[in-house]
Amino acid sequence: MAVELFEICKAYGANIVLDNFSCRIEEGAVTCIMGPSGRGKTTLLRIMLGLEQPDSGRVTGMSGRRKSAVFQEDRLCDNLSAASNIRLVCRKGMRNEEIEAAMSAVGLASDCLNQTVRSMSGGQRRRVVILRALMADYDVLVMDEPFKELDVEAKEKAILHTREHSLGKTVVFVTHDESECDILGGRLIRLE
Amino acid sequence: MTSSTSPGKLARVLRVWPVVAWLLIWQGLSMYIGHEVLLVSPVTVARRLAQLVGEAVFWSSVFFSLRRIAFGFLLAAVTGVLFAALAARFRRIEEFLAPVVVLFKSTPVASFTILALIWVSSRNLSVLVSYLMVMPIVYTNVLNGIKSANPKLLEMADVFGIPAGRRIAYIYVSQVLPFFQSACLVGLGLCWKAGIAAEVIGIPGGSIGEKLYMAKVYLATPDLFAWTLTIICVSVVFERLFMLLVRLLITRLERL
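Protein chains in written order, with this note's numbering: chain C, 1 to 192; chain P, 1 to 256.
Worth flagging that the hints you see were computed from the coordinates, not collected in a lab. The beta-carbon is built from N, C-alpha and C at its ideal position, and this holds for glycine as well. Errors might be hidden in some of the hints.
Said to hold, decoys possible - Derived DEER-like restraints, expressed as beta-carbon distance ranges: (1) C:G64 with P:N124: 26 to 32 angstroms; (2) P:L154 with C:D55: 48 to 54 angstroms; (3) C:L167 with P:N150: 53 to 59 angstroms; (4) P:P151 with C:S104: 32 to 38 angstroms; (5) P:R92 with C:R163: 49 to 55 angstroms; (6) P:S148 with C:V152: 35 to 41 angstroms.
Assemble the whole structure, with the sequences as input and the hints as a guide.
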């Protein structure tokens, strides 16, 4: 089922961030949202996830569906290990070997598995966040600038891993880099 | 989080030289006064403690008090956490408990003890008093910990649909544990002070409090100092063991 947004309006005081915005997110495809800062990209994702209510308009196709997300901030439990953070959102009985293999695919060493995330670098944490989102059981994956803070090599690995592990799933992601959209093979929506 | 100056924490910042210096000052003062009842010397205290350690009655008194104070503390830790969890979930419970917590925090130990003597036998007085001293601290700290849980993490949990059990184990527990740890550090020091004070007032037979009371009655200053030293040592050992358990629990959680 496609996700549809109809005439969404959202303002914070006098600041109108979304004005009658409508779009259709195709089922099982990647949709990339681009636009200048402050144009409501994050707000749009939050409305899709049900974390915020629009002032007017409606969202269809999200209710009852399993959601996964990469937020703009890491939102990791700092004093838990990388494996614990991933296991928190996964199905029960996820084996360490599976997590270790996924970590290796995005360039994280196996000794990161039991390392507390507070002692990790920004780039390492970001890759744990991406893996957490990809390893969760989900129907719709929402990603807000997922590959920021990653160096060129890590970014390439993370994008390829995301493409491989989100095949056939509905993915919406916000980015400022059009090449990310090209690699993921997504349809581009521009918020002007 | 509540700050702490418990004996165990102090013991960690102690250096050897100031301790030796103070012992020498104490010895010098005692020799200057020249009256063991007024100020006993550290050597006499050490000698008396060595005598006591060899007696069976010493160990039975230590275990008598330790059992009760430790039980009161553990009961307070468990119920404090339980009440805090309920209060965080149900606002009415927080409102209902608020006057009791304020009352427990502001009432002097002596008032509690004398009142408690009417309700419970003097043998179990230290259980009740150490419970009443520690429970509000654990309750308040843990409740603050739960309330300060990162809302962004809770939002993340909502999006991923993380079940309540996992949410508690991974998000709340890991964030509340430092608050619990801090409450325990403060509570451990307090429960020994209050528990022994209660025993001195209630004078239950076979307790450390009774020994302190007898030392006072017979002006046995070496006994008074030796038993005080014993209380400090037992409370530090108990605190170290308990905090080690809490740290092991934290490490275990981090590697879940």
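Evaluated hints:
At roughly 56 angstroms, the beta-carbon separation of G64 of chain C and N124 of chain P lies outside the given 26 to 32 angstroms, and the hint is violated. For L154 of chain P and D55 of chain C, the hinted distance range of 48 to 54 angstroms is not satisfied, since their beta carbons lie about 24 angstroms from each other. Between L167 of chain C and N150 of chain P the C-beta distance comes to about 33 angstroms, which lies outside the given range of 53 to 59 angstroms. Under the hint 32 to 38 angstroms, the C-beta atoms of P151 of chain P and S104 of chain C, about 33 angstroms apart, fit the expected range.
In this structure the supplied range 49 to 55 angstroms holds for R92 of chain P paired with R163 of chain C, their Cβ-Cβ distance being about 51 angstroms. Evaluation of the 35 to 41 angstroms hint for S148 of chain P and V152 of chain C yields a pass: the beta carbon distance comes to about 39 angstroms.
Going down the numbered hints, you'll see the structure goes against 1, 2, 3, while the others check out.
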